[in-house]
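Please work from the sequences and hints to get the whole structure.
Just so you know, the protein sequences line up as chains Z and S, in that order. Residue numbers for the first sequence follow this note's numbering, so the first one is 174 and each next one is one higher. Residue numbers for the second sequence follow this note's numbering, so the first one is 3 and each next one is one higher.
These are computed hints drawn from the structure, not numbers from a lab. Note that this is a predicted model, so its numbers are computed, not measured. Watch out, some of these pointers could steer you wrong.
According to the in silico footprint, chain Z covers these stretches of chain S (three or more CB under 8 Å from chain Z) [stated by the list, open to error]:
#1 52-63
#2 128-136
#3 150-161
#4 200-213
Listing some non-contacts, in silico: residues in chain S with all C-beta distances to chain Z over 10 Å [said to hold, decoys possible]:
#5 A23
#6 G67
#7 T195
#8 I216
#9 P225
Quick reminder that beta carbons are idealized off the backbone N, C-alpha and C, glycines included.
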Amino acid sequence: MLRRSLRGLRHAPRPLVVILIFAALESLAWDIATPAFQGPDEAAHFSYVQHLAETGAPPSPNTGTAPNSTEAQDALDWLNLTSLVGDLGARPAWTAADLSLWHRIERQMPAGSRANGSGPNAQAKNPPLYYALMAIPYRVFVWLPLLKRLFVLRLISSFFRLGTIVLTWLLAGALFGQVRWKQTLAAGVVALQPKLAFMSGVISVDNLLTMAVTAFLLAAVLLVQRGPSRGRVLAASGLAAAATLTQGRGLVTVPVLAIALAIAWIKHRPDVRAMVARVLMAAATIVAAVLVYTAFTRVSNGTSAFGGQVSQLNSGGGFNIGQFLSSVWQFYFTPLPGMQPRIGPAYGFRQVFIWTFYGTFGSLEVNFSSQFYGALQVLSGLGLVGLYTACALRWRRLWAAWPAVTVMLAMLVTSIGFLHYVSYRALLGNGGSDPLITGRYLLPLVSLWALAITFTIGSLPRRAAVVLGAVILVIGVILSLDAIGITAARFYA
Amino acid sequence: MRRPVLDPRKLGLAELVAAAAIALIVGGWFVFLSPHLRGGGPVVAGVPDPPGLFVAAEFTVPAHGQACLSAVTIDADSDLAQFALWQAKPRASGGPPVDLVLSAPGYRAIVHVPGGWPGGSVTLPIKPPAHKSRLGMACFRDVGSVPVALTGTTETRTVSRSPMAINGQGVYGDIALAFLDSRKRPLADEIATTFDHASNLTDGLVPPALVWLIAIVVVLGVPLGCVAAFYLALREDEQAAGTPPSG
Chain Z
174 MLRRSLRGLR
184 HAPRPLVVIL
194 IFAALESLAW
204 DIATPAFQGP
214 DEAAHFSYVQ
224 HLAETGAPPS
234 PNTGTAPNST
244 EAQDALDWLN
254 LTSLVGDLGA
264 RPAWTAADLS
274 LWHRIERQMP
284 AGSRANGSGP
294 NAQAKNPPLY
304 YALMAIPYRV
314 FVWLPLLKRL
324 FVLRLISSFF
334 RLGTIVLTWL
344 LAGALFGQVR
354 WKQTLAAGVV
364 ALQPKLAFMS
374 GVISVDNLLT
384 MAVTAFLLAA
394 VLLVQRGPSR
404 GRVLAASGLA
414 AAATLTQGRG
424 LVTVPVLAIA
434 LAIAWIKHRP
444 DVRAMVARVL
454 MAAATIVAAV
464 LVYTAFTRVS
474 NGTSAFGGQV
484 SQLNSGGGFN
494 IGQFLSSVWQ
504 FYFTPLPGMQ
514 PRIGPAYGFR
524 QVFIWTFYGT
534 FGSLEVNFSS
544 QFYGALQVLS
554 GLGLVGLYTA
564 CALRWRRLWA
574 AWPAVTVMLA
584 MLVTSIGFLH
594 YVSYRALLGN
604 GGSDPLITGR
614 YLLPLVSLWA
624 LAITFTIGSL
634 PRRAAVVLGA
644 VILVIGVILS
654 LDAIGITAAR
664 FYA
Chain S
3 MRRPVLDPRK
13 LGLAELVAAA
23 AIALIVGGWF
33 VFLSPHLRGG
43 GPVVAGVPDP
53 PGLFVAAEFT
63 VPAHGQACLS
73 AVTIDADSDL
83 AQFALWQAKP
93 RASGGPPVDL
103 VLSAPGYRAI
113 VHVPGGWPGG
123 SVTLPIKPPA
133 HKSRLGMACF
143 RDVGSVPVAL
153 TGTTETRTVS
163 RSPMAINGQG
173 VYGDIALAFL
183 DSRKRPLADE
193 IATTFDHASN
203 LTDGLVPPAL
213 VWLIAIVVVL
223 GVPLGCVAAF
233 YLALREDEQA
243 AGTPPSG
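Okay, here's the thing in structure tokens:
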């Protein structure tokens with residue numbers, strides 16, 4: 174088995190291996206640069222993993238004795254990690270004297286100090302797949318003291334990002350053929366996406382969600398390209414189920430799965446009875462996953478399934494289609510004459526697609542300079558113009574690849590539409606105080622972003638394309654290193 | 003015998019792109035990253051009690067009274083203490099004299115703020131503990147005849163671990179206190195201190211020497227790895243297309 178794995182590694186494309194090595198290095202650097210519990214909602218994600226691993230049950234979203242275990246809460250308090258969250262004026266307790274104090278506290282903890290974080294935990298409405306997977310290494314490394322255990326768990330969680338990179342490589346191969354530089358560009362920009370790299374250094378469900386959605390996208394593309402074999406249908410529906418069981422936002426894969434099945438049927442015209450059987454198989458996979466999760470939630474903590482963004486789907490009364498469309502318009506553009514002002518704070522594409530997609534680390538308080546964000550906005554705008562031009566010039570090629578293109582467009586539109594809808598609903602429900610969505614929620618689409626860049630660059634004459642591709646990777650390197658540097662400086666200098 | 007000369011005209015696309023990418027990375031490094039490495043004013047040596055994130059609280063210490071924060075780490079690198087004080091009752095003659103007394107086993111330092119100040123943030127020199135950081139107390143003593151107000155926080159999310167008492171009575175919240183290091187030090191020293199802090203937050207799992215090693219490997223390995231991956235990809239494409247690597 175090991176020999177086969179090693180042989181497989183020897184046959185792995187060398188550019189991909191190199192990308193994975195430097196991506197792993199980045200994740201390691203992020204793990205060090207970000208003190209414990211300083212990722213977005215990291216304490217809550219860790220507490221979910223810990224409670225599940227220690228007791229076999231998830232924490233409750235509404236009730237319980239404490240959101241964090243005594244062990245985690247003591248670390249948050251005694252190492253000044255709670256006051257550090259989001260406060261640029263704060264620093265962790267970072268001296269050797271602080272560490273000695275923490276060791277004394279750790280030694281005096283009573284039995285059961287790891288298992289009493291029963292809730293209320295805001296992340297407890299998430300489905301359990303990520304937490305169940307992370308509970309395995311938690312049990313393996315339970316003998317380590319908390320800070321070391323958390324460090325190791327973060328490293329293990331970063332493997333999901335490496336998986337996303339490999340899957341993007343495979344997607345690029347499926348779409349552009351075995352053109353190595355295109356595969357390298359696509360996988361490289363994913364590896365160098367600073368927000369994704371940052372998230373890989375913390376405990377967060379987003380790591381698995383991004384990988385699951387990317388894997389689903391690959392399976393859906395192969396399904397429409399090669400036809401609806403039983404294996405491909407099972408793979409696509411299984412991965413959609415996995416995304417659904419990872420985070421509520423994974424539900425966006427379900428309509429895309431339906432579209433992929435419809436396209437596969439139109440393009441490959443399989444036997445009707447066989448196709449119906451496969452559609453039923455896909456539906457059964459999804460329904461089974463949702464039923465299992467719903468039953469698990471009812472039994473374990475007596476609440477309804479899914480939370481967070483999904484709970485906004487039907488919350489907040491007063492839905493108005495005109496107001497919703499106006500809200501979406503004003504997210505991107507200045508209001509047209511006669512439009513009512515958008516509800517909520519001044520929050521638009523710049524905040525979601527630029528600032529919090531490329532940047533904002535820690536708990537949103539660590540940022541690139543405004544010049545960086547300005548440059549990224551200009552480059553992203555140029556990229557969009559380039560993409561439009563490439564689509565216009567190569568429409569025949571796109572037309573020929575319509576099944577895969579439609580699947581990718583469906584993924585994009587469904588995801589963005591979902592985010593706009595839940596944001597609007599949330600704003601209705603919370604009186605316009607919190608738009609709920611952030612650029613981190615776009616990370617499951619990171620492979621689409623990388624493929625769009627590769628398609629646009631790949632539409633240029635080869636020499637120019639290769640040079641521009643290299644320039645984009647260089648920009649990624651600079652952003653990546655700068656992000657790690659400013660984060661380390663914010664927390665430790 | 004003539005030495006071989008590198009002729010750019012004989013380089014293949016892969017080599018040219020790799021060389022240009024390395025040049026761009028080095029240039030980008032200087033333009034974008036080097037500003038972070040330039041030393042500026044004092045650096046933070048420790049923040050036992052940060053200010054509030056959204057709302058500032060004021061704690062009033064009566065005349066001849068004191069407010070004490072315990073479990074305060076006094077960093078051996080500190081040579082300045084920073085806090086904010088205001089007149090509890092504004093007077094033309096300014097605020098009362100205040101002492102900041104730092105104490106820990108084997109260590110004691112007093113910082114005196116003379117009376118007559120208008121109010122605001124003050125940064126004053128302190129004598130740091132010798133050799134190593136210590137856990138101790140920070141007491142603000144009003145040695146004048148009118149009360150003084152000190153800025154801090156009562157926000158749950160920014161209250162730190164230091165319990166506070168005013169005249170011996172426990173009070174929820176913290177007076178904001180930071181220690182700074184104003185000494186001019188070589189960049190390597192500052193980076194070493196930063197890496198020591200990072201290492202401590204991994205509970206020593208990654209010792210400072212390993213943080214150094216990882217930092218060096220990342221700073222060199224990510225750019226070189228990126229260039230190498232792209233170079234290898236171009237070479238593989240050239241080989242697959244049957245074109246000579248240098249042509």
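So, going through the hints one by one against the coordinates:
1. 52-63: Holds, because 3 residues of the stretch 52-63 of chain S bring their Cβ atoms closer than 8 Å to Cβ atoms of chain Z.
2. 128-136: With 3 residues close enough to chain Z, the hint holds.
3. 150-161: It holds: at least three residues are needed, and the stretch 150-161 of chain S offers 3 whose Cβ sits within less than 8 Å of chain Z.
4. 200-213: Our answer is that it holds, as 9 residues pass the Cβ test (under 8 Å) against chain Z, meeting three.
5. A23: violated (5 Å)
6. G67: Given a closest Cβ separation of 25 Å, the condition holds.
7. T195: violated (8 Å)
8. I216: Per Cβ check, S/I216 is inside 10 Å of chain Z; nearest 6 Å; violated.
9. P225: S/P225 not clear of chain Z: closest Cβ-Cβ about 5 Å, inside 10 Å.
Checked against the numbered hints listed earlier, the structure breaks hints 5, 7, 8 and 9; every other hint is satisfied.
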